[in-house]
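Visitor: Sequence:
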Amino acid sequence: AVIPMYPLIGIWGSDVKEKGVVRFSKEYAAMKLTIYLTLGAVIALVGLLWLYTAAGAGSFDVVALERHLHSAPLEPALQRIIFPLLAVGFGVIAPLWPLHSWSPIGHAAAPSAVSMLHAGVLMKLGSYAIIRLAIGLLPAGAAAWLPWVAGLCLMNILYGGLVAMAQKDLKLIIGYSSSSHMGYVLLGIACLTPLALNGAILLMFAHGIMTALAFALVGHVYDQTHTRYLPELGGLAHQLPFIAACGVIAAMASSGLPGFANFVAELLVFAGGWDNYPIPVICGVFGVVITAVYMLRFVRGTFFGELKPAFAHVRDAGSPFARLPYVILTAVLLVVGCWPAPLLRLVDASVRPFIERVVPPTPGRLALPLPTSGLTADSGRSIH
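Be aware that the sequence shown starts at 13, since it is given in my numbering, and climbs by one per residue.
Hints are computed from structural coordinates only; laboratory data are not their basis.
Glycine residues also receive a C-beta, built at the ideal position from the N, C-alpha and C atoms.
A couple of the hints might just be wrong.
[Claimed, not checked] Okay, the calculated beta carbon distance ranges per label pair:
| # | residue 1 | residue 2 | range |
| --- | --- | --- | --- |
| 1 | 137 | 69 | 33 to 43 Å |
| 2 | 361 | 334 | 32 to 42 Å |
| 3 | 290 | 244 | 20 to 30 Å |
[Unchecked claim] Pairs of lysine-lysine residues, derived as BS3-like cross-links and limited to a Cα-Cα distance of at most 27 Å, are as follows:
| # | residue 1 | residue 2 |
| --- | --- | --- |
| 4 | 320 | 29 |
| 5 | 320 | 180 |
| 6 | 180 | 44 |
| 7 | 136 | 320 |
| 8 | 29 | 44 |
| 9 | 44 | 136 |
| 10 | 180 | 136 |
Build the full structure now, drawing on both the sequences and the hints.
Guide: Here is the structure:
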């Protein structure tokens, strides 16, 4: 994934400017992304080679390794050494604070289509690998280190949100917003309960759709106005009513309003994480408030107020073909937000066996039914 991202940003991207002054160049953004992700890959590779040697299974096949380590697990002390190598190596892609700074500037310098792929695909690779490899193969190491990951998630959520509030470039706002939202994903993973992990995986999907919608809107605004600097914009809803309506929808979805997929996912993370990490969950709720602040500023500063004479020529997405991508992304957010059961049922079918395998049962803990109606085919199943 790193190799194509470098030319996509370094060649076809654009410098990030504020008030006509270059804040950083596209070459700088591409090189920083490459260095960070390559460093993370090297760290993860060291962990994978160590795991291969220590396991003695003679295979890199994940399924074979899972079976072998289930019957002959590594010593907990060794797992506690290897796990942070995998968690940090893949956490760079997630991106986990404080190794996140490559992501917002990569978003800002990339073309809009590349930003959509960056947020919807590239960032999710790290979260998936943490679940599938780091936790799935090293459960004892995960039990020791995940509380620290939960603490770092707070910095993702709160620091990323506060920095997004201070940005003036539209893409940097969405870029730091993505880092903040990925904190919720990592928090759900760190909680390692069925509800929270279902929420984390659903949020990976919902965030990818929502951020793709936001970057597509920013791309249209920049194409028409040739600026992404927030103080220079304003009043575009007069000329771009359809794009403005989609911008409001993206802001509401990002802020976690009911009816959107992000709301369902974040609610599952909060509900599933309350027993294990109540303080991070409470702080995460404040992160939702911060999100609402910068997203409302984004909408107000871009679309509302008086239309500036320089933008009297801008054109809306007028044809059905031009509007189709926005309609599809919006429809997905609304359909999954109002009817999440089919997608959650698909996710839950893998999450429950995974949790049962990596989390030892706790004596004395009550079994509670999953509080989402119709989530599983077997309504009598319960979770610890």
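Visitor: Are there hints from earlier that the structure breaks, and if so, what are their numbers?
Guide: 1, 3, 7
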